[in-house]
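When you get a sec, could you build the whole thing from the sequences and use the hints?
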Amino acid sequence: MAATEFFCVRDYDLAATLDSGQVFRWREQNGSWIGIVGKNWVRLTQNQNGIRAETAVPVKSWIWLRDYLQTEIDWDAVLKTFPEDAPMRDAVATCRGLRVLRQDPWECLASFILSSTKQIVQIRQIIALLCEQFGDPILVPPNESPVFAFPTPEKIARATETGLRACKMGFRAPHLLAVARQITEEKFNLENLRQLPLAEARGELMKLRGVGGKIADCVLLFAYGFDSAFPVDVWIERALQQLYFPRRRASEKHLRHFAATHFGPHAGCAQQYLFHYIRTKLN
DNA sequence: CTCCAGGCGCCTT
DNA sequence: AAGGCGCATGGA
8 MAATEFFCVR DYDLAATLDS GQVFRWREQN GSWIGIVGKN WVRLTQNQNG
58 IRAETAVPVK SWIWLRDYLQ TEIDWDAVLK TFPEDAPMRD AVATCRGLRV
108 LRQDPWECLA SFILSSTKQI VQIRQIIALL CEQFGDPILV PPNESPVFAF
158 PTPEKIARAT ETGLRACKMG FRAPHLLAVA RQITEEKFNL ENLRQLPLAE
208 ARGELMKLRG VGGKIADCVL LFAYGFDSAF PVDVWIERAL QQLYFPRRRA
258 SEKHLRHFAA THFGPHAGCA QQYLFHYIRT KLN
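290 is the number that this note's numbering gives the last residue of the first sequence; the numbers go up by one with no jumps.
Since the hints were derived computationally from the structure, they do not count as laboratory data. Yeah, the Cβ is synthetic: ideal placement off N, Cα and C, and Gly gets one too. Among these hints, one or two may not hold up.
What the hints assert, rightly or not - Pair by pair, the computed Cβ-Cβ distance ranges are:
no.: 1; residue 1: G177; residue 2: K214; range: 14 to 24 Å
no.: 2; residue 1: P144; residue 2: N37; range: 31 to 41 Å
no.: 3; residue 1: T167; residue 2: R73; range: 31 to 41 Å
no.: 4; residue 1: A173; residue 2: D81; range: 40 to 50 Å
no.: 5; residue 1: A9; residue 2: A100; range: 37 to 47 Å
no.: 6; residue 1: R17; residue 2: R201; range: 21 to 31 Å
no.: 7; residue 1: K125; residue 2: T101; range: 19 to 29 Å
no.: 8; residue 1: A257; residue 2: L205; range: 21 to 31 Å
no.: 9; residue 1: E198; residue 2: K67; range: 44 to 54 Å
no.: 10; residue 1: T167; residue 2: Q126; range: 32 to 42 Å
Claimed, not checked - Derived pair list, reagent style DSSO-like, types lysine-lysine, alpha-carbon separation capped at 27 Å:
no.: 11; residue 1: K175; residue 2: K214
no.: 12; residue 1: K67; residue 2: K46
no.: 13; residue 1: K288; residue 2: K87
no.: 14; residue 1: K175; residue 2: K125
no.: 15; residue 1: K260; residue 2: K221
no.: 16; residue 1: K175; residue 2: K162
no.: 17; residue 1: K214; residue 2: K194
no.: 18; residue 1: K288; residue 2: K125
no.: 19; residue 1: K194; residue 2: K221
no.: 20; residue 1: K221; residue 2: K288
no.: 21; residue 1: K162; residue 2: K194
no.: 22; residue 1: K260; residue 2: K125
no.: 23; residue 1: K162; residue 2: K46
no.: 24; residue 1: K221; residue 2: K87
no.: 25; residue 1: K162; residue 2: K214
no.: 26; residue 1: K162; residue 2: K221
no.: 27; residue 1: K125; residue 2: K214
no.: 28; residue 1: K125; residue 2: K162
no.: 29; residue 1: K46; residue 2: K175
no.: 30; residue 1: K194; residue 2: K46
no.: 31; residue 1: K214; residue 2: K260
no.: 32; residue 1: K175; residue 2: K221
no.: 33; residue 1: K214; residue 2: K288
Pasting the structure below:
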C-alpha cells in the first residue's frame with residue numbers, strides 16, 4: 008500500500024455517512040469503504056479511535072481527505088444547536104455520528120442533477136456508468152477493481168446527449184450537458200459561489216438548467232458548507248408533515264419557512280439526520 | 001400490472 | 001402564488 012494515514016476522530020459513523028445519500032460512489036468491502044476522492048483511490052476503515060485511510064499512490068499531504076471527511080469539526084457542538092423536540096431527539100439518538108461531508112462542487116452538482124426522481128440505488132448506477140464511460144482511469148492497488156475519476160465538465164461537454172443517455176440518465180441528459188457546457192465555456196463559475204451569501208449563491212445555482220431549489224440546497228450544503236441550506240425532497244416533506252404537522256396539511260412554502268426558522272444555524276445537518284432517520288429507521 | 005423515486009420546467013388558474 | 005402534468009428509467 009502506497010500511503011496510509013490515521014484520522015483521530017470521535018462521534019463519527021463512517022458507514023452511515025458514506026451510505027446516507029449525500030455521496031454515491033462508495034462501496035463497502037470487508038468492513039472497509041472503497042471510494043474515489045478527487046483523483047485518488049481511497050480505502051477507509053473505522054475503529055474505536057478514528058478512521059484509517061489508505062491510498063494507491065504516495066501522497067504529500069492529506070488535507071484534501073481531511074477536508075472531505077470534515078474530521079476537524081466539533082460535531083458535538085453542532086448537535087447541541089439542534090432543536091430539542093421529540094423527532095430531532097429520536098433522529099440524533101438513532102443516527103449519532105452521521106456527518107456532513109465536504110464534496111467537490113462539480114461532482115456534487117452533476118450528481119444531484121442526475122438525482123431527480125430517482126431512487127438512491129439508481130443514482131449510484133447512473134453515476135457509475137457515467138464514470139466508466141467518461142472518467143479517466145485511476146491507479147488502484149494490485150488486485151483491486153478498476154475505478155474511474157468523476158468526469159470533468161470538459162469531458163461531459165464534449166459528449167453527445169445520446170452518449171449520456173446510454174448511462175440511463177433519461178431526460179436529465181440535456182440538463183447535465185447544458186450545465187457542463189456553460190461551465191466549460193466559462194459562462195458559469197462554480198468557484199465564485201464560495202464568496203457569495205447563501206441566498207445569492209442559491210439564486211446563481213438555480214439559473215442552471217435542471218437545477219431548482221432542492222438541488223441547489225444539496226450543493227450548497229454538501230459542497231460549499233452552507234450549513235443552513237435545507238434541501239426539501241419528497242422524504243423530508245413527508246417527514247416534516249408527519250412529525251411536526253400531523254393535524255393540518257402544510258404547504259411546501261410553509262414547510263420551507265418552518266425549516267428555515269426551526270432547525271438553527273446547522274439546519275442542513277439536522278435535515279440530514281431526519282432524512283437518514285426516516286429513510287433507514289422508520290420503514 | 002401500478003406506483004413512485006433526494007425534481008424541474010412549463011403551463012394553467 | 002399555487003397547483004397540475006410530463007418527463008426516462010427501473011425498483012418494489
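Here's how the hints hold up against the structure:
1. For the pair G177 and K214, the supplied restraint of 14 to 24 Å holds, since their beta-carbon distance comes to about 23 Å.
2. Separated by about 24 Å at the C-beta atoms, P144 and N37 break the suggested range of 31 to 41 Å.
3. A hinted range of 31 to 41 Å for the beta carbons of T167 and R73 is consistent with their spacing of about 38 Å.
4. Taking 40 to 50 Å as the suggested C-beta distance range, the pair A173 and D81 conforms, at roughly 45 Å.
5. The beta-carbon spacing between A9 and A100, approximately 40 Å, falls within the hinted interval of 37 to 47 Å.
6. One distance hint, 21 to 31 Å for the beta-carbon pair R17 and R201, holds here, with the actual separation near 29 Å.
7. Between K125 and T101 the beta carbons are some 25 Å apart, a value that agrees with the proposed interval 19 to 29 Å.
8. Between A257 and L205 the C-beta distance comes to about 23 Å, which sits within the given range of 21 to 31 Å.
9. Distance hint check for E198 and K67: the Cβ-Cβ separation is about 23 Å, which falls outside the suggested range of 44 to 54 Å.
10. In this structure, T167 and Q126 break the distance hint of 32 to 42 Å, their C-beta atoms being roughly 26 Å apart.
11. At roughly 25 Å between alpha-carbon atoms, K175 and K214 fall within 27 Å of each other, so this suggested pair holds.
12. About 14 Å separates the Cα atoms of K67 and K46, which keeps this hinted pair within 27 Å; it holds.
13. Straight-line distance between C-alpha atoms of K288 and K87 comes to about 22 Å, which keeps the hinted pair within the 27 Å bound.
14. Taking the CA atoms of K175 and K125, the gap is about 11 Å. The hint holds against a cut of 27 Å.
15. As the CA atoms of K260 and K221 are separated by approximately 12 Å, the hinted pair is consistent with the 27 Å bound.
16. Of the supplied pair hints, the one linking K175 and K162 holds, its CA atoms being roughly 18 Å apart against a limit of 27 Å.
17. With a CA separation close to 11 Å, the supplied pair K214 and K194 stays within the 27 Å bound.
18. Annotation: proposed proximity of K288 to K125 holds, straight-line Cα distance about 20 Å (limit 27 Å).
19. Note on K194 and K221: the hinted pairing holds, with a Cα-Cα distance of about 22 Å set against a maximum of 27 Å.
20. The suggested pairing of K221 with K288 holds, with an alpha-carbon distance near 23 Å, which does not exceed 27 Å.
21. For a cut-off of 27 Å, the pair hint linking K162 to K194 stands: about 17 Å separates their Cα positions.
22. About 23 Å separates the Cα atoms of K260 and K125, which keeps this hinted pair within 27 Å; it holds.
23. At most 27 Å may separate the alpha-carbon atoms for a hinted pair to count; K162 and K46 meet this at roughly 15 Å.
24. Pair hint K221 plus K87 holds up; C-alpha atoms about 26 Å apart against a cutoff of 27 Å.
25. As the CA atoms of K162 and K214 are separated by approximately 22 Å, the hinted pair is consistent with the 27 Å bound.
26. Using a Cα cut-off of 27 Å, the hinted pair K162 and K221 holds, with the two alpha carbons roughly 26 Å apart.
27. Only pairs whose Cα atoms come within 27 Å are accepted, and K125 paired with K214 is accepted, the gap being roughly 22 Å.
28. A distance of roughly 24 Å separates the Cα atoms of K125 and K162; the hinted pair therefore holds under the 27 Å criterion.
29. Under the criterion of a C-alpha separation no larger than 27 Å, the hint pairing K46 with K175 is consistent with the structure, at around 24 Å.
30. As the CA atoms of K194 and K46 are separated by approximately 25 Å, the hinted pair is consistent with the 27 Å bound.
31. Among the hinted pairs, K214 with K260 is consistent with the structure: their alpha-carbon atoms are about 20 Å apart, no more than 27 Å.
32. Taking the CA atoms of K175 and K221, the gap is about 22 Å. The hint holds against a cut of 27 Å.
33. Of the supplied pair hints, the one linking K214 and K288 is violated, its CA atoms being roughly 36 Å apart against a limit of 27 Å.
Hints 2, 9, 10, 33, counting from the list given before, are not met by this structure.
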